Amino acid sequence: GAVVSQHPSRVICKSGTSVKIECRSLDFQATTMFWYRQFPKQSLMLMATSNEGSKATYEQGVEKDKFLINHASLTLSTLTVTSAHPEDSSFYICSASLGRGTDTQYFGPGTRLTVL
Amino acid sequence: DQQVKQNSPSLSVQEGRISILNCDYTNSMFDYFLWYKKYPAEGPTFLISISSIKDKNEDGRFTVFLNKSAKHLSLHIVPSQPGDSAVYFCAASDGNTGKLIFGQGTTLQVKP
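Keeping their order, the protein sequence lines are chains B and E. Mapping of the first sequence onto this note's numbering: position 49 corresponds to residue 49, and the numbering continues sequentially without gaps. For any residue, its number in this note's numbering is found by taking its place in the second sequence, counting from 1, and adding 1000.
One thing to keep in mind: the hints can contain errors.
Unchecked claim - Here are the simulated DSS-like cross-link-like pairs (lysine-lysine), alpha carbons at most 30 angstroms apart as the crow flies:
id, chain 1, residue 1, chain 2, residue 2
1, E, K1054, E, K1037
2, B, K20, E, K1099
3, E, K1037, B, K41
4, E, K1038, E, K1068
5, E, K1099, B, K66
6, E, K1038, B, K41
7, B, K41, B, K66
8, E, K1068, B, K41
9, B, K14, B, K66
10, B, K55, E, K1099
11, E, K1099, E, K1056
Stated by the list, open to error - So the derived list for chain E, only partly shown, Cβ under 10 angstroms to chain B, looks like this:
id, residue
12, V1004
13, Y1036
14, A1041
15, P1044
No lab work stands behind these hints: they were computed from the structure. No experiment lies behind these values; they were computed from the predicted model shown. For every residue, glycine included, the Cβ atom is placed at its ideal position computed from N, Cα and C.
Starting from the given sequences, assemble the full structure and let the hints guide the process.
As structure tokens, this is what we get:
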């Protein structure tokens, strides 16, 4: 299957700092990338949909100024958590697809963010 | 409002027996359904999917059944193996946006 990588896998930062998470599709070009977050023992919640070369579409309740998404190429999307606070601590997962409606999403391994 | 529900948070099965994981949805616009397997601190791995034009899809030990009238789908794993122990998420999509709505997950434990 297709491979999606995320970097870093774990990050610990101080409150008020910004953290950037990278998502790369390694062996295919991803027209669409998705960003999710998962709290312990809960479902994956979609944060935003990112299409290459255009602005991301955010889900209701997700602050676009806090979670900056850039999809500069067909193989790379980045999520920047700005001015992070302890409540932003979570497991962030990206996925990538070819972009057609029923295309399978391939998920990255996730990034564990801990904000002190 | 939880559009995709997995009402059983956990399931324990003996090795070699059948595992049946259930999922219900409320949005009749969903027309594509997927099952993902997830280990702790890892991203989900795609298992199997089904389109709403079908009622069954089989891939090796995994079979997904879809009952549209009941808005219910299930994943059957037979025979179950200890390596199948993980959290299983069902997800649904409307087929146009590509967005996936996930259920809460069911933790499957297969005992040797």
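Let me make sure I understand: some of the numbered hints might not hold for this structure. Which ones are they, in numerical order?
The structure breaks none of the hints.
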